[in-house]
Amino acid sequence: MSFISYLINGVSLGSVYAIIALGYTMVYGIAKMLNFAHGDVIMIGAYVVMAAISGAGLPPGVAVLLSIVCCLILGIVIESVAYRPLLNAASSLAVLITAIGVSYLLQNVALLIFGANTISFDSVVSVPAVTLMDGALTITGEAIVTIVSCIVIMIALTLFISRTKSGQAMRAVSEDKGAAQLMGIHVNGTIALTFAIGSALAAIAGVLLCSSYPSLNPYTGAMPGIKAFVAAVFGGIGSIPGAFIGGILLGVIEIFGKAYISSQMADAIVFGVLIVILLVKPAGILGKNVQEKV
Amino acid sequence: MKLKKVISAALVAAMAMTFMAGCGDSDNAGNGNASGSDTQAASGNENASGSGDTFRIGGIGPITGGAAVYGIAVKNGAELAVKEINEAGGINGAQIDFNFQDDEHDAEKAVNAYNTLKDWDVQAILGAVTSAPCVAVGEVSKDDNIFMLTPSGTAVECVKYENAFRVCFSDPMQGLESAKYIGEHNLATKVAAIYDSSDVYSSGIYEAFVKEAANQNFEVVAAEAFTAESKTDFSVQLQKAKDAGAELVFLPFYYSEASLVLKQAAGMNYSPIFFGCDGMDGILAVKGFDAALADNLIFLSPFTPTSDDEMIQKFVTDYEAAYGETPNQFAADAYDGIYAIKAAIEAGNVTPDLSASDVCDALKTAMTQITIDGVTAKGLTWEASGEPSKEPMVVKIANGNYAVVEDDAAAESVEDNAATENGEDAE
Chain A
1 MSFISYLING VSLGSVYAII ALGYTMVYGI AKMLNFAHGD VIMIGAYVVM
51 AAISGAGLPP GVAVLLSIVC CLILGIVIES VAYRPLLNAA SSLAVLITAI
101 GVSYLLQNVA LLIFGANTIS FDSVVSVPAV TLMDGALTIT GEAIVTIVSC
151 IVIMIALTLF ISRTKSGQAM RAVSEDKGAA QLMGIHVNGT IALTFAIGSA
201 LAAIAGVLLC SSYPSLNPYT GAMPGIKAFV AAVFGGIGSI PGAFIGGILL
251 GVIEIFGKAY ISSQMADAIV FGVLIVILLV KPAGILGKNV QEKV
Chain B
1001 MKLKKVISAA LVAAMAMTFM AGCGDSDNAG NGNASGSDTQ AASGNENASG
1051 SGDTFRIGGI GPITGGAAVY GIAVKNGAEL AVKEINEAGG INGAQIDFNF
1101 QDDEHDAEKA VNAYNTLKDW DVQAILGAVT SAPCVAVGEV SKDDNIFMLT
1151 PSGTAVECVK YENAFRVCFS DPMQGLESAK YIGEHNLATK VAAIYDSSDV
1201 YSSGIYEAFV KEAANQNFEV VAAEAFTAES KTDFSVQLQK AKDAGAELVF
1251 LPFYYSEASL VLKQAAGMNY SPIFFGCDGM DGILAVKGFD AALADNLIFL
1301 SPFTPTSDDE MIQKFVTDYE AAYGETPNQF AADAYDGIYA IKAAIEAGNV
1351 TPDLSASDVC DALKTAMTQI TIDGVTAKGL TWEASGEPSK EPMVVKIANG
1401 NYAVVEDDAA AESVEDNAAT ENGEDAE
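For the record, the sequence lines run as chains A and B. When the letters of the first sequence are read in order and numbered with our numbering, they come out as residues 1 to 294. When the letters of the second sequence are read in order and numbered with our numbering, they come out as residues 1001 to 1427.
To be clear, the hints were calculated from the coordinates, so they are not data collected in a lab. Mixed in with the good hints there might be a few duds.
[To be verified] Listed below are several chain B residues computed to face chain A (Cβ distance under 8 Å; list not exhaustive): (1) Ala1068; (2) Val1069; (3) Glu1224; (4) Ala1225; (5) Glu1229; (6) Ser1235; (7) Val1236; (8) Gln1237; (9) Gln1239; (10) Asp1243; (11) Ser1256; (12) Leu1260; (13) Lys1263; (14) Gly1267; (15) Gly1288; (16) Thr1317.
Built from N, CA and C at the ideal position, the CB exists for glycine as well.
The shape of chain B in the complex, shown without the other chains (with noise of 0.2 Å):
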């Protein structure tokens, strides 16, 4: 019996302190508009007169739950950058430091580790990785100006301040594009679209699409729905696309439920062209999963693997040498978010001595200046909005690889460079 109370006095008061700790995070956050001039000026102060002899980079996203893939894709593909920078000798003879905090996929707890690196100093962001998060963390980092680069954050709002960037394509960019491809390629003059109304990022491409078809040569004869209570039977989606005759199924989400939907479309005989987005990435790789199924699946895509490109097949080879797999678009578009800070700084002659602030304000302008070779796209540069302006790239599977799609090519002519090695194949 005693016992028993000693424990439950210990569980009582663990709980007041958590309260207590929940309080006063919560504070931090509210206040973070009033006290952000303040912790400026200290952070600044103290990095004045700190050692000053290494940029300080973060990064946050989620490496645990859900949505942990995108996450560790994200900090492998920056590790790697800084990595490659650091033993050529850094950013002007200055080292990185690259401090990555989880926020599994979760705004609240991203709002945490942004004050983490916030305590740590740091003076230039790369993320949030997914895009509820980014957009909390560019509410804060607004205040407090700090430099933000969201590698894969494709909601609009992720970069709706000033000093927030992107190296993805923005949802409503994806489904304008997605549109123009299809009516120009003459893929099918009816069309169903499937989304996700219950997610930003599909919801958005989804509207947008419906937007840029109304100036195409093809119809929307079908527009349904699903939400994330209800995302593993596709059947009625399917045949309602099949009795409106589409023929071409447009799908703006992400590969997991992708995989369901082409196996629903198998088992009730019904083969239209599919058409998917970023999103799409990566279906290959699901455990398990037919690769037949998911032949003649076309995707816009920023990054493939299998490119001839001698840059992305460096990068591939580093990343599965570092990590023993495939990189995927997330790793891609984090190893030039670095790459991409790294020459904002050399272009706008930033020391490692500036404060957090004074940086922001020398990399906003420098970002607009710089033009990149990634492995994401090639004559990368960015707009003063934080959008970037680059041509995307479109990806046919055929026989079990990812080909890339040449833009004046004919969509049939794919399969004959889809003999190139594939490593997620070998698995």
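Just chain A, same shape as in the assembly (with noise of 0.2 Å):
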């Protein structure tokens, strides 16, 4: 019994990581940059739902809703401010060590406005409990909440991806940003929307992330961060359906480590896995070998 009740956590916690790994994973796909301010706006995300409801008595549907709108204007400013004037720098490390920048700026205005105090996040689904075989296990609502939400985002964004407009820019610009532009796609705004969805997605990461695991502090998002990070490695950089998978065996792993084998070392494992996998297929699961063109 306790091997399923492993099992749920495992993929509950696994879809949290999927979500955020699916934000990773779309910005480096369209973007070729690696968006380590990421998990700080999860923590954004949360810090504005919170308030949302218990500062200003909003429904946690609205304040839900605030904190995407929030979170996709946030990803726009820094895309804008931060990254796009360093996209065509000489060397893509600028770039990265912008967004290591941005993420401490964002942990630190945190610190500032809500202090360094953990808040103990309310949970803002509303699914009870499901209660099965008398009791020997439970499902929490937020881990159904979260698994649904998490598939959900998955095929939609497939879809967009696969059958709009606005998607099959973005699949050009990730191909060649230099024919894209030829081709009159307008790249800068291509790559603004991916932020701000990668940004939307994030916050609602961040909602599930502190309902499920309802502690909120200004760094709340910086661990999820890095291994959603992980995740999108795991499953191959830049491809969603990639994300999903990487996620949920992350989160499997880590569980499963932990009750079989060694509650201490299950971060070793899970990276150890990494490494594992990352020898044999160097790209992640569903990373596509790209050759480089000289």
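Using the supplied hints, reconstruct the complex from the two chains, each of which is provided in its own coordinate frame.
Given below as structure tokens:
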């Protein structure tokens, strides 16, 4: 029985990683940059929900929408102020370092506004827990909502990329920025849109993360952000189904490692598996091996 | 283009400066050993020729960064005590000058803060607040022979040298006392422990707890760890404790993680007795935390703001009036720390014109002779090893309030005293 319970916990944790990883992988796939501030946008999103519910007294649904809008705007602002001027810089390291800078900036701004104290986040999920087999197995409402929203987001995103005009533009920019521009695609706009979607996903991830694990402080987003980045690399960075599979796998391995091997070694196991997979498939599980053109 | 060049030149210059500054700092720290005696002599002279009519007590702790909660509490508690002493005429007629330096909970910055205080001719130090910085400051202060009393550094190494003392219990002491309490009160026969293996505080308590558990009438059926990198999901650890049939879960870590553990345990319909240490203090003040989850949580704590004790009530009222919040144990430890320094200064006949090293020699002996009645304990005394000798207080949460469990009373009778009014609850 505990096996099933571990599995459900793993999938639920993995779903949160997957939603965050989707943001990483989209931005990387299209703008070819690692947005290390992504984890901190999650934290900002959670704070907005918290402030909207306990401060302004808004209903949870409205608060989540507000948080999505805030993060969306934040994502566009970060992209246009911090990243766009550097996208054509000689070294791609410049953007990477800026992203780390933005990450610290967001953490410290949150520290200034909300303080260092950990806040217990009120779950916005109103789905009741399901108890199966005479109480031996309990699935929390948060786990159900997290898993369902992860699947919905994954499908919606895949459809968006493959079926819409903007999605097509994204794929084109991802393939070849210069050629896309020659074909009349607004490259900067497309990249901004990517950031907007990525950040909106971060807001949702923040809400789900803090609903399942209700503790919120300015550093809440940092560690899940890094784990999700690993999940994205795991699944093949740039690939949307890859991020999904990577996230779920990472969550399940983490929980199973804790449960059956050692609770101290959980992270060592996760990263050990990552190394093995990258040795066998350097581009990740679903990653494409792109030949470098000379 | 030209502008860019100017800016980059300026940046390079700034960077070069920082590097040099960095070197200078580490040089100081590194040579501390060799040049220690020189500096000492120099500052001694200065003191002798200086004004010498006030006692200069320094404080070190994090007042910014992640551990700021603790440092700010210590600073406030200490300043309150200093203010009271000064208004009452000072120590033997001499006023106290109190200077608190920020260490951001960082060992290196703590040594810098210590150097700043040394330049200020500090005579005794209250600090550092957190364990790692405290150990680092201990290493340099023993060379300079400057007296230090940490209000809250719980790691064993904090009082390794004979110039260092502490107000709080050490980590092993807490583990030992917890195991004893659980055993002597027959709280459970099967006990699970969850601890943070990446944290000295948590693993220190855990190790002592398991060691003592062997002598007690209960069995540790599950021992699960977590690390700082994965401290949000406790479902596995709780599931294992549940499967092992643990009736009590020992949680030797801080309240922010504990609030998550309690929430997740409730989510899986697991309700053993939860037992924590002093890090649990403050759990009811976590914003948005459902206090009902913490009902029946028991923990060892040196200080409870709701106690009926007259001295504690006065301290709590004054503290609330000055800083607008209920004091936690860190503030209480600091408050007692300042009074302990005062008592030791009086007992050792220390005068403000002595050098820091002479003050330290006098205080080292005086500390073992004094007995103070403070807000964290009555009849508090110290051993030459630096450890305090006091009885731990056991606190149980009932109906959203902290309540002290009288040692002879059964745990059940607590509910009666629980109706006391609680400042933190009003938020």
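Do the hints match the structure? See the list:
The interface hint given for Ala1068 (chain B) holds, since its Cβ lies 5 Å from the closest Cβ of chain A, which is under the 8 Å cut-off. Below 8 Å, beta-carbon pairs count as interface contacts, and Val1069 (chain B) has one with chain A at about 6 Å; its hint therefore holds. The closest approach between the C-beta of Glu1224 (chain B) and any C-beta of chain A is roughly 5 Å, which is under the 8 Å cut-off, so the hint is satisfied. With a least beta-carbon distance of about 4 Å to chain A, the hint placing Ala1225 (chain B) at the interface is held under the 8 Å criterion.
Against a cut-off of 8 Å between C-beta atoms, the interface hint on Glu1229 (chain B) holds, since the closest Cβ of chain A lies about 5 Å away. For the restraint placing Ser1235 (chain B) at the interface with chain A, the shortest Cβ-Cβ distance is roughly 4 Å, inside the 8 Å limit, so the hint holds. Taking 8 Å as the C-beta cut-off, the interface hint given for Val1236 (chain B) holds, the closest approach to chain A being about 4 Å. About 6 Å separates the beta-carbon of Gln1237 (chain B) from the nearest beta-carbon of chain A, less than 8 Å, and the hint is met.
Satisfaction of the interface hint for Gln1239 (chain B) is found here, the shortest Cβ-Cβ separation to chain A being roughly 5 Å, below the 8 Å cut-off. With a least beta-carbon distance of about 6 Å to chain A, the hint placing Asp1243 (chain B) at the interface is held under the 8 Å criterion. At a threshold of 8 Å, the smallest CB-CB gap from Ser1256 (chain B) to chain A is about 4 Å, leaving the interface hint in force. At its closest, the beta carbon of Leu1260 (chain B) sits 5 Å from a beta carbon of chain A; the interface hint therefore holds under the 8 Å criterion.
Hint status for Lys1263 (chain B) relative to chain A: holds, with the closest Cβ pair at about 6 Å, below 8 Å. Annotation: Gly1267 (chain B) was flagged as interfacial toward chain A, and the flag holds, the nearest CB pair being 5 Å apart, inside 8 Å. At about 4 Å, the closest approach between the beta carbon of Gly1288 (chain B) and any beta carbon in chain A falls short of 8 Å, and the interface hint on this residue holds. Because the beta carbon of Thr1317 (chain B) sits about 23 Å from the nearest beta carbon in chain A, more than 8 Å, this interface hint is broken.
Checked against the numbered hints above, the structure violates only hint 16.
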